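Following the hints, position chain B against chain A.
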Amino acid sequence: MTTVAKETKCLFCSLCCPMAVEIPAHGEPMVEFVDQDPVTQGRLCYRGHFVPELLNHPRRLTSGRVRKEQKLVPCSPDVALETVASALKTAIREQTLIFIDGNMACEDIGAGLAFAREVLPGCRAVVWMPPDDEQVLAGIADVHSPATKMENLSGSDLVLAIGDPFAGQPVIAKSVLDAKEAARGNQLIVIDTVRGKTARFATIHLQPRLGMDLAAVAALASGLGIDVSDIVKCDAKVLPDSAGIDASGVAEVVEAVKSARAPVVVLSMSAGKHANIRQIACIAARIALKCGSLLPLLTYGNAVGAWSFARANGALTTAEAMAALRDRQVNTILSVGAPIADAVPQTWLQVCLNRMSFVASAMPMPSGIDQYAHVSLPLGYWFESDGNAVDGVGNTTELHEMLPPPRGALRVSELFERLGSTITGTAFSSEEDGIPAMSGLKETASRLPVAMAGKAPDPIILLRADGAGFAEGSIMRQCRWSRVMEHCPSVWVNPADAKASCVNDKDTVTVRTEQGSAQARVNVTNDVPAGCVAVSPNFPKTTALLDCSVDEEGQSIEFVPTEATLTRIEQEEGVYADNQ
Amino acid sequence: MQTINKRVVLDVDRCVGCRSCSSACFYGHNGMPNVSYSEFVEGTMPMICRQCPEAACMDACPSGALKKSEEGAVVRSLMLCWGCHSCAYACPFGVLSEDLTRRQVAKCDLDIERTSVGKLPRCVATCPAGALQFVEVEDVERNNLLLISGRTLGRSAYRRR
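From first to last, the protein sequence lines stand for chains A and B.
Heads up: the first sequence runs through residues 0 to 579, numbered per numbering that gives the first Met the number 0.
Heads up: the second sequence runs through residues 0 to 160, numbered per numbering that gives the first Met the number 0.
Treat each hint with caution, since some may be false.
Said to hold, decoys possible - Interface residues of chain B toward chain A, partial, derived using beta-carbon atoms under 7 Å:
| no. | residue |
| --- | --- |
| 1 | 13 |
| 2 | 15 |
| 3 | 17 |
| 4 | 22 |
| 5 | 23 |
| 6 | 26 |
| 7 | 30 |
| 8 | 63 |
| 9 | 66 |
| 10 | 124 |
| 11 | 125 |
| 12 | 128 |
| 13 | 129 |
| 14 | 133 |
In short, the hints are calculated from the structure, not lab data.
Being a predicted model, the structure only gives us computed values, none of them experimental.
In this text, a Cβ means the ideal position worked out from N, Cα and C, and glycines have one as well.
Bound-form chain B, shown alone:
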């Protein structure tokens, strides 16, 4: 397996809060959206997992359902997860949330089925505003993309008034 050295990042200056990424993820993961949302004064924005190198969620999981895949993503096993929410409490960025239908915790797996064959993750491919990007980990620092909980922040001061 080839390690995926890319991450999904969100340009907050472009997100229009349409939730298309959630729809794409929902249907791509058999009815379980791995994109959660947060309400801000400026609207609704998706919370994207940043696939931490030392993931607190993985350490907190008592059932061993979360593990790092060969491709480099922290993935969750549906068979092992019993929905205790320990990972959600442990996540310092608040991106893990309970799935409403299955009572399990949804976890971004970087859409490995697609990314492992060179395609974009569904959430990135569908993003109507071009807010979600799939970038090399090194590019994040090189291009001065400031990452907070998987977000890129303000590159251009005049983008929004």
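With the rest of the complex left out, here is chain A:
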């Protein structure tokens, strides 16, 4: 046997970069670069290199596990499947919630929704997505602004980046920088609350106050003559003041956008750094509709496909599912691939999960939900089955199997089919016809008007930073490279705040918020403005410090910047032990 190279698309973000994995007859699989691709020319960000490691990761689950005497004890997958099937069969349907992870092939998501619809009619299903993805998609859904692809960026003379695309989706960097350097006068304008990776390259950086990003984007829209009164309940004239930015700066950006030949709005917002993501996304889409085109960048590679499937099948949104958990409408959970306890590690969710009468999880590797699960099933990754995904601008792309799942682990569609057959006693097939178009969206969902207070926050505010972290929770933390590169969480502090809090660079501190406390190492930097500290996003312990807020109606879910205090601790106590 010789080395085999297999190509697929990377689903670690919505750019869906082509990638290949070389699988030798003997030895470790290795990433190979698809350099004939005209757009990426083989470029990959750090996440793409995780795929070979995950294929043969020593912690991969290959057996079922059933809880006995407070511990998950290994058992055969068949026994685990039987246990889950009998629990789901007897559970009250209206109080049963099925989480289906959105970052899988559309066929797998369709299988999960078909299982919920046909095998357990009356139960509720949710296609789980990161809160920021869901809010962005809800915001842009009904605006119908023209979408653009990454390859079209090179023809743009103005890129308006809202957020920090170079941090979340680094592969876009070359296209953006090429566009900026193509001709003298081309511009890269960035709207971001902190001076992130993209802002360092900006010709103009509008830096609104924390929590006031919406005011800055609304001020720009108003300057362009776009009506945003249904979103921002505030006099347009005071918007720059509310945002804490100079009105002349806004005017300069307005003039640049108006005079640009082909402006592109690039939307990349990480949760916890921006407030009111849905409203910002909606206004950004309106700007794109009026002036140019939109390139939304999302955390999940198949976020658009997942969103389309969910809406077409009447599935709950992540926000609605979280609201149902919070309001005690659920007592049985089947979670397939969804890292809910890692990505939303807040105390209130732990309380909700603790009071469930039955929790079954299916994951490729041990994860945060294990401590609440009664049964655990071994699952395959998205690169272990064939299928289709929809990238950030709505193009369908093919996914190919790199290797079959390890012996014992189940493909997602196989898991639902076997569960369905066991519950119904007859063969259950989950095959869906095609992928629904992005339709059936809730027209009213994207509004949610916000009143602007126009007041700057006084205390130190905590938010999530744009470090190497991205796919927080299980995958990121279980890959060796990320553990070597960032073995303990860090907290970015402005020099002025460091001086006021009596902390120095490399000190270990306790970061406290209303949500709890965590230890982190200080990184004194001017990248965060005074009055603001930022924590690494890929540590569940620090993400848990943010306020994860779900509104009353379950319309929106957001990580909200939160008040924080820093306390320096002695080095002996402060050594971070990452024993996960």
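For chain B alone, kept in the frame of chain A given last:
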């Protein structure tokens, strides 16, 4: 063996500090990243070995672990390196650093397995911003690429504001 007359250089005007080169190098070298990083006011940037013709690190190594390969790269033998850090102290450009997991000094080998068959080194192939380039040694001077510790510096004044 064919001598490799190319070097990895970094265009600082393009590096976004995403550390993808480190990830590529880490997995390409069995869990030992040969790309170290330095924190600047402008962010994090990789430190790339410039494969000096008269390498101070090689002269300083007491165990003979560093030697020049037939392809022209200064490479380190994992078997001989005992992690004394003499090479790291000797390197005038500060690009050698201790590996956190193995307590040995990581050293760029120009990804010889790939470059010897005409492919790009992993760090260059993966670089999302196009900041890392694999260029002929002669081209460095011909194209006015100013090299400092394996870096190319400012070719266009208006690239960054």
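We went through each hint and held it up to the structure:
1. Interface hint at residue 13 of chain B: satisfied, since its Cβ lies 6 Å from the closest Cβ of chain A, which is below the 7 Å cut-off.
2. The interface hint given for residue 15 of chain B is met, as the beta carbon of that residue sits about 4 Å from the closest beta carbon of chain A, less than 7 Å.
3. Using the Cβ-Cβ criterion of 7 Å, the hint placing residue 17 of chain B at the interface with chain A is satisfied: the shortest such distance is roughly 4 Å.
4. For residue 22 of chain B, the interface hint holds, since its Cβ comes within 7 Å of a Cβ in chain A; the closest pair sits about 3 Å apart.
5. At its closest, the beta carbon of residue 23 of chain B sits 6 Å from a beta carbon of chain A; the interface hint therefore holds under the 7 Å criterion.
6. For residue 26 of chain B, the interface hint holds, the least distance from its beta-carbon to any beta-carbon of chain A being 5 Å, beneath 7 Å.
7. Given the 7 Å rule on beta carbons, the hint for residue 30 of chain B holds: about 6 Å separates it from the nearest Cβ of chain A.
8. Taken as an interface hint, residue 63 of chain B does not check out: its beta carbon lies about 27 Å from the nearest beta carbon of chain A, beyond 7 Å.
9. Annotation: residue 66 of chain B was flagged as interfacial toward chain A, and the flag is violated, the nearest CB pair being 25 Å apart, outside 7 Å.
10. Look at residue 124 of chain B: its Cβ gets to within about 4 Å of chain A, closer than 7 Å, so that hint holds up.
11. Taking 7 Å as the C-beta contact cut-off toward chain A, the hint placing residue 125 of chain B at the interface holds, the least distance being around 5 Å.
12. The restraint placing residue 128 of chain B at the interface with chain A holds, with a minimum CB-CB distance near 4 Å, inside the 7 Å limit.
13. This hint holds: residue 129 of chain B has a C-beta 4 Å from the nearest C-beta of chain A, less than the 7 Å allowed.
14. Given hint, residue 133 of chain B at the interface with chain A, is violated; its Cβ is 12 Å from that chain's nearest Cβ, farther than 7 Å.
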